[in-house]
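A.B. asks: Based on these hints, arrange chain B on the given structure of chain A.
Here the protein sequences line up with chains A and B, keeping their order. Okay, so the first sequence: first residue is 1 according to the numbering used here, each after it adds one. Okay, so the second sequence: first residue is 136 according to the numbering used here, each after it adds one.
Heads up, some of the hints might be wrong.
What the hints assert, rightly or not - Label-pair restraints from in silico Cβ distances:
#1 L26(A) / A147(B): 21 to 29 Å
#2 Q85(A) / L159(B): 25 to 33 Å
#3 V178(B) / I18(A): 42 to 50 Å
#4 L26(A) / T209(B): 20 to 28 Å
#5 I21(A) / N215(B): 25 to 33 Å
#6 F25(A) / L165(B): 26 to 34 Å
#7 I161(B) / D41(A): 31 to 39 Å
#8 E58(A) / L152(B): 37 to 45 Å
#9 P60(A) / V178(B): 46 to 54 Å
Please keep in mind that the hints were generated in silico from the structure rather than gathered at the bench. This one's a predicted model, so the numbers in the text were calculated from it and none came from an experiment. The beta-carbon is built from N, C-alpha and C at its ideal position, and this holds for glycine as well.
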Amino acid sequence: MIADFDEDPPRRQFETLIPLINVVFLLLIFFLLAGTMTPADNVAVNLPVGALSDDEREMPATLLVEADGFVWLGERVIDPKIAEQALKEYLADKGKERVAIKADAEASAEALLLLMEALRKVGVQQVTIVTERGR
Amino acid sequence: MFDEPVRKRNMASLTPLIDVVFLLLIFFMLTTSFLKTQSLSVVTPSPSAEELPTDARVVEIWLMGDGTLRVDGTPVEAENLAEAVKAGIGGRKDMTVTILAESGSRTQVFVTAIEAARQAGARDVGTARVEKITP
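Bound-form chain A, shown alone (with noise of 0.2 Å):
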């Protein structure tokens, strides 16, 4: 009797790992066909909310304004009123009919429009604002 109970336990081991790996793996195709893979930027900010959609897709160049003020270029922080040479630079290589500010809704509107100010002594005509999508 006693020897009976020690036959079983070993082959149902396997059996339990099944459900646990299906639902891994549905997991996984969910995160591959779900999610969508973007470079990360160097800081976080926390984006405006927003209504309206302009669609413009491919952006080579992005700017971030992070909450005090300050203005990422690639790898440079900068103050905004000081920005113009920096752009220009940053910008030679990647044209200037594309370009995105990512500002957090925190940032005064102040350094947004000095950042806008500068890029327009630099020849950007146009930018784009990335907004979240609104509730």
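C.D. replies: Chain B in isolation, oriented as in the chain A frame:
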């Protein structure tokens, strides 16, 4: 006599497979982003606010430093902004909306104002920053 080894092959170890699938799962979980962004095209402002038109075909949105909004001097709630601007435009097709941002106003309010102006049917949306708005 030959039956035995074949039967043992059935249970090839699943563990390496599960390890790989887990690694893939963690990779996709960390790299995907579900944030849906949209873009808002804005014309860059000219550095001096004097270049903005000031005649009768202009509706001004003021972004006050304390976060409140005014349309041509009248205080307006953020939800009613588009309607107020629409009332200011009054169905005309050649109206310009000028957004004046006082220092201290935030990017979120700025984006809201641009969208309201666009939704109200403005032909052009101009932006400028001012130190202090004097009614």
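A.B. asks: Holds or violated: the 26 to 34 Å window for the beta-carbon distance between F25(A) and L165(B)?
C.D. replies: Given a distance of about 18 Å, which is not inside 26 to 34 Å, the answer is violated.
A.B. asks: Look at the Cβ atoms of L26(A) and A147(B) and judge whether their distance stays inside 21 to 29 Å.
C.D. replies: holds, 22 Å
A.B. asks: Go ahead and decide if the range 31 to 39 Å is satisfied by the Cβ distance of I161(B) to D41(A).
C.D. replies: Distance hint for I161(B), D41(A) is violated at roughly 22 Å.
A.B. asks: Range hint 25 to 33 Å: satisfied by the CB atoms of I21(A) and N215(B)?
C.D. replies: violated, 55 Å
A.B. asks: Are P60(A) and V178(B) spaced within 46 to 54 Å by their CB atoms?
C.D. replies: At roughly 19 Å between Cβ atoms, V178(B) and P60(A) fall outside 46 to 54 Å, so the hint is violated.
A.B. asks: Could you check the hint for me, namely that Q85(A) and L159(B) are 25 to 33 Å apart, CB to CB?
C.D. replies: With Cβ atoms ~45 Å apart, the hint is violated.
A.B. asks: CB of V178(B) to CB of I18(A), is that within 42 to 50 Å?
C.D. replies: Distance hint for V178(B), I18(A) is violated at roughly 60 Å.
A.B. asks: Can you tell me whether the CB distance of L26(A) to T209(B) sits inside 20 to 28 Å?
C.D. replies: At 56 Å between Cβs, range violated.
A.B. asks: That 37 to 45 Å hint for E58(A) and L152(B) (C-beta), does it hold up?
C.D. replies: holds, 38 Å
Hint compliance for this structure: hints 2, 3, 4, 5, 6, 7, 9 are broken, all remaining hints hold.
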